[in-house]
Structure formats: C-alpha cells, structure tokens
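Participant: Chain order of the listed sequences is A and B. Here the first sequence stands for residues 147 to 496, where the numbers follow this note's numbering. Here the second sequence stands for residues 835 to 1072, where the numbers follow this note's numbering.
Errors might be hidden in some of the hints.
To be verified - To give an idea of the chain A side of the interface with chain B (calculated C-beta under 7 Å), a few residues:
id, residue
1, Pro200
2, Val214
3, Phe338
4, Asp480
Unchecked claim - Stretch-level coverage of chain B by chain A, calculated; a stretch enters the list once three of its residues show a Cβ under 8 Å from a Cβ in chain A:
id, stretch
5, 884-897
6, 910-920
7, 941-955
8, 994-1006
These are computed hints drawn from the structure, not numbers from a lab. Beta carbons: idealized from backbone N, C-alpha and C, even for Gly.
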Amino acid sequence: MTRHPASPQGRPVTRPGERVRRAGAVGALALALATAGCGVPDTLAGLHPAPAEPAAAEPLDGDGAQAVTARVLDAARAVATDTGKKGNRARAEVMRGDALTYANALAKAGAASDGEGALGTASEPTVIAQSEGRDWPRAILATTLDDATSTQYLHVLVSRKPTEAFVLEASVPMFGGAALPAVATEGTGSPFVDPSARDGLAMSPDKALTGYASALRRPEPEKEPKGISAEDPFHDALTASADRQAKALKKLATLRQKHTADPKDAVAFRLADGGAVTFGLMTRTDTITVGKKAKELVLPTTYAKLVGSRKVTESMSLTSLEPVILVIPADSGDVTAIGATELLVSGKGS
Amino acid sequence: MVRIVVRLVGVLLALAGLSLTVVGVWLALKLGGSGTAVFTTRPAAGQVVLLPPQVLNRVDADVRVTATPADGDRVWMALANPSDAQDVLGDAEHVQVTGVDVRDWLLTTTTVGSGETPMIAAADLWRQTDDAEGPVTLTVEQAQAPETVVVRGLDGGEVDTVTMTVTDKRWFVEAVVAALVGLFLLVAGVVAAWPRRRRTPVPPPVFDDPSAVREEHAAEPAETPAARPAEDPEEVSR
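If we strip away everything but chain B, and leave its shape as in the complex, we get:
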C-alpha cells in the first residue's frame, strides 16, 4: 500500500515537474536574457485606446507604450491623470485595455462607452503628448504613477497597433529557476515512481550457535597431546 502511494506521488511530481520545466523553458525563450515582455493589440478602426493604471502601474519597472499608425496616417498619444483621462473621454466610445494574455502575448481589451469622441487633444490636462506620422513611444515612469495613456489617430487616421513593453530581468531568472525546479521535481518523481524488483530475503549466517561450531570442527581431527609428535627427551630436559 505504501509502495503504491509513493509511486502515485512520484507520478504526480513528475508530471508537475515536466509542466514546470516546459513552461519555464518557454518563458525563458520568449522573454530572452533581458526579461522583456511585449504585448500587442490591434484596435478597431477609428477607436481611441485607453491604457489604465491597472495595466501600466502594476509593476516596478518603467513601461513603454508604442502606437503605430496605419500607413500614411498620424497617431497621437498622451499621458494623463487617470481621472482626467476618464473625464475628457466621458461617455465616448473607446477601447479600454483590461490586462494581458501571457500565452498569446496580447493586450486584452473591452469596448466601453457609446458616444462620439470629443476634441481631446486641445485639453490642458495632458502631462505629456506626442504625435507623428510614424510610431510614437511614451515611457510610463512608475515614479509618476498612477497614469493613463490615451492613443488615437489624428485627422481621421487609424491606429494600427498599440504595444506595451515591460522589461524586468527577474522574470527571465524566475523562468530559468522554474525550469530547474521542474527538472528536479521530474527527476524526483521518476525515481519515486520507478518500479523496484522484489528480492527474496537472504538468511543471515548464524555465528553463535555452539552446536554449529562443534559440527564445524567435527570434521577436523582433534589435536591431542598424544597426537602431537614425540618430543625429544633431551630437548625437554634441557
């Protein structure tokens, strides 16, 4: 019974270890030695994109947000206080980033609001703004948290992609550690689950039974004084 339980635990350990090893190796390869995670979303045409502090400010490392316009279009991006960004958009329809999907490296989004987007670029509440005909990048410094990033196309232009990049070397280290831990668990599980060959017990030799000793010595001729070769009388008297 104990042997069965041990083997079962070993199997579970091995499976857990294998999973952890696979995930750790996959993560380590995806993040690279610098520990850089890149998440992307492609907003629907004409949509304003909002990245709230629940996405931008949950890590200690600075976060880079890059917006790429469609060919020939201009994109505008700005940083603001979270409440200011919500106030200026009001009920306007926009895409709000809700989190990240680590498996597919995507930014998860939801569409909120239903009204038209007002002229938000002219508002005097943006901490930092930038616009260009090509990719625009803003860095969200955690020292200024909480902050919200708003992205929109200018002059009717479209936003092609919005990418969030976070670099934290600890993640790579943790991925490697996870792979190693998984490997150890796999080995331990395999060893514990490996079937053992049943052995017949070997009776130990008996040492202290006098009758056995007598039998042992029975085969040997008794060494008596009479049997000893006669001594030279002259040798004895000297």
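For reference, chain A alone in the conformation it holds in the complex:
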C-alpha cells in the first residue's frame, strides 16, 4: 500500500499545478531582472554633460588660421598697386594701422608695382602663432618668404571685434640671419601685450620704440639710450648712408636725421621666454640745411620730384616711413631690432 507524507497540522498540500504557477512567476521575474541587468546602461540614452570650453586655447584651429592668413594676404596683394583714393579705400578694407600707412605710401610712390614690399610677391604663408584665449582683439603672426631676395617677412593680422574679419596691421622684413625667438606654446597661443604696459618686460613696447628711434638719430647721441642696442644691420645701413651723404655735401650743407616713433598702432606678442616681440612704425626726417658757403643745392631727380623743385637755397627735408620689429627681453636686457625697412614718402624744400 502506498504511503503519503503526513502533515500533522492538516495544512493544505501544494498541488503540482500551483507549484508550476509559482515557479513561472518567479522565473519570469528573475528573467526580467536578469535582462534588465545585462542590457540597460546606467544612463539610458547615453547622455552626458557637454564638455567645457578651454579658456586658454587659440582662437582658431591651425587650418582656420592658415586659411584666414592666406585670404588676407592675397586680398592685400590684389590691391597693393591700386592708386588714388579708390586704391586707398580698397586697401582700407583689408589693411589697417602701420600696414595701411606703408602700403598707401608704397602705392603712391609707384614702388608697389615694382614688386617691392612684403606684398610684392605671392608666397604661401606660415602661421607662427595666434593670440591666446577667446577674447578680442585677436591676432595671427605669420611669415612669408620672398624667394627672389631670400627675405623673410613677418605679418601681423588683427581682428579687433567679433564681427570684424582679420585685417593686415603690420608687414615687416626681417634682417638676413635674424631669428625670431619662440613665440608661444602650440595650442594655447601667445598673449597680446599692451604696448603701453611694461608687464614684466625690460621696458614697455612703446618705450622700446621711442628708445630705438632715439638711438638711430644723427648726429649720433653721445650716449646710447639705456636698455637699447642699435647694433643691427638697419642702424649700420643708415649710418653708412648718412656718411655717404655727408661726404657728398662736404661743408656746403649739414645733414641731421631724426627718428620719431609712432606707437599708437604698435602690436606686441608675448614670447615663450617672457619677453615680447613688437611691431611698430617710425618716421625719419632727413633735414639738409644749406651752409653759408653754398648758394643753393641741386637735388637729384628722386628728391626733386618729392620736393617739387630741383634746387633749394635754404633747407630740404625728406620724410621716410620705417616699420620695425623689436624684441624686448623679460625683466632686464637690451632691446634689439630683428627687422626693419624704409620708404621715402615725401619731401619739402625752400
């Protein structure tokens, strides 16, 4: 006879159908939890906070800065030879400051059509550095090489407001063999330096320009301005030219040269070593005073065109523009020039 397990309390015995139902419920729940555990990530849609914008990054990426530089230089080159007011207006669309002043003078002098100047020949630019951060004004420092003369040019492009495109504000040739110190850390840019502020430099960019202008005058100063070194090819060339001029004039006339810095459109970048590179414009006035022993001076054709007369009886002054590049050391040391050029723009005589 078959015997069944006894239930002393007389409790209901689980029947097979009920066990199956309970097992099914537990199994379904377990399967649901297991599936949920293996398929769904913590953040269902994979959303995460947007990354923060880096504050110290360069304003444009490398390709963007390159494209902007090429566009601006090409546009400036295209209007470099346009003359008259129309030409000046066209140049004002793509240039400003010292670059515009020089380019207008170059066009007026007819020298632009001779291929002179930074924009004389087309050359693929290389971006050296950008200003640091995302504020305005923003600047791009670029270089081009004139293969014909093996002259390296430095260009500064600046955007002063968010809605304003970059325009050319400085274009200056470097001296042969001169080197520009490292400007900025790649990716972060080079901070703009306020030309009127010293800000850890041996002197402010404005003072550096004024001091260099003073160091170039003729007759030479008894004492070179403090913190300025004028031992560079530009000073040597000016000295040699003035010596030749003086030798030609002998005692019939005297020559004086005065250089005046115009820092209002100066632009300066911080260098990696804490110094600064400054782009500025000087104006040189050559004054030739007729001596008592001379009745008059007969001018060369070039000067005669500017003065408006072939002869002067009292004095003559010639004005030239001199864009320069100065390197200012950090803390202490001498300011040195690494690039400069000159352009005779006007004259007057009596």
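Take the given structure of chain A and dock chain B to it, following the hints.
Facilitator: Just chain B, lined up with the frame of chain A:
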C-alpha cells in the same frame, strides 16, 4: 493579508510592465533598426537659430544639423566655438535651442536677446560655414566639442526648418530590451495577481496506527495452522 499584498504588487508590476512594453515598442518603431532620432524646429520668420553644445555635444555620436530655407531663399549655417558664437551675436534677438522633446520629436527653443542681428557671416571666427539655396547640412563631430551651430537666412531669406539628427544603434537595442523587460514584468505581475481557487485540505491517510491495521485485517480470516490443509503424512516424514 499576504495574499492581498502579493496581488497588489502583481498589479503594479503588470502596469509597469505594460507601460514599459508600450514605450519600448513605440521607441523601437520610431528609431528604426539604425537608432536614428530626428528632432525638428520651425523658427519664426527672420530669426537666427543657435544650437549650443548643451544640445549638440551631450552624446558620443556625431550630430547632423540640416537647415532648409523657404522656397527660393538661401540659408547660411556655421560652426563655431560656443563663446565666439555668443560674442558675435551679442544682444541680438535669436532663437536658442534648449533641448529635445522625445514625445513629439521636436527641438525645444526659447527666444533670447532683443537687438538687431549684426553682419555675422563676415566674421573670421567660424570653424566651418556653408550656404545654399537648398538644404544645408553640417556634421558636428564630437572630437571637436564643444561647438555651436548658427543658422540664418541670407539676403533677407527665411529659414523653414532646422533638423538635428542623431544616430545611435544602442537606443534601438535599449528600446527592444525595455519592451522585453516590460513583457516579463507584465507576465510576472499577471501571474502574481491572478486569483487562486481556495481548496479544502485533504486529510492524509494514517499509516502507523496499530488498531487500524488490526481492523484492516479483521475482515480477513485468520490463517492458523489448524486451518491449513492437512499435509500428507507421508510427505512430512520424507
């Protein structure tokens, strides 16, 4: 009491499972096998539209933004650093996208600023620009994040629609998983909540009571030696 609680939990489970199943299936159908989500907005006439990184750069997949001009108009679109886009627009009135509405597949927007829009196309701060008389599409690559997209009509033209498309196959998978999880929860809930028929307990048979055994055997005649058939004496002695 326990039975009531179990049934209540079962009902809740079933409801949750049903909701999850419906949502999962709906999402899976909307996203498709590729997991593509498309959100659209129709900006007001003459408005500049700005899509900030809080909308574009919160996913890992690249985002495509398409701007469609009104018939015969031109549309311009650009990518920029977020701070640059804000600086160039300044206080100009513009439409800023603030998020997405998954139910209606819309880009939610708000109007900010009050001034006139300056000439922004000429600025040298755009990482990438494009314009056309037809739809213009830019791809926001997350490797370049954060970025902002700015859209405007050119030469007085109107922007008809701005669409943001994001493709992520995981979303489709997650929608399917959600539907399955919901189904399992629904089944578990139904099983738990199903009413059970009350049964009367069946008394088990009693096996070891001697008196019962005696009664059981009482009906059977006793098998005694005297009752056994006589054995053949000759069989016994052999």
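Participant: Compare the structure with each hint and give your call.
Facilitator: Hint by hint, here is what the structure shows:
no.	hint	in the structure
1	Pro200	violated (9 Å)
2	Val214	holds (5 Å)
3	Phe338	violated (16 Å)
4	Asp480	violated (36 Å)
5	884-897	holds (count 8)
6	910-920	holds (count 4)
7	941-955	holds (count 3)
8	994-1006	holds (count 3)
Checked against the numbered hints listed earlier, the structure breaks hints 1, 3 and 4; every other hint is satisfied.
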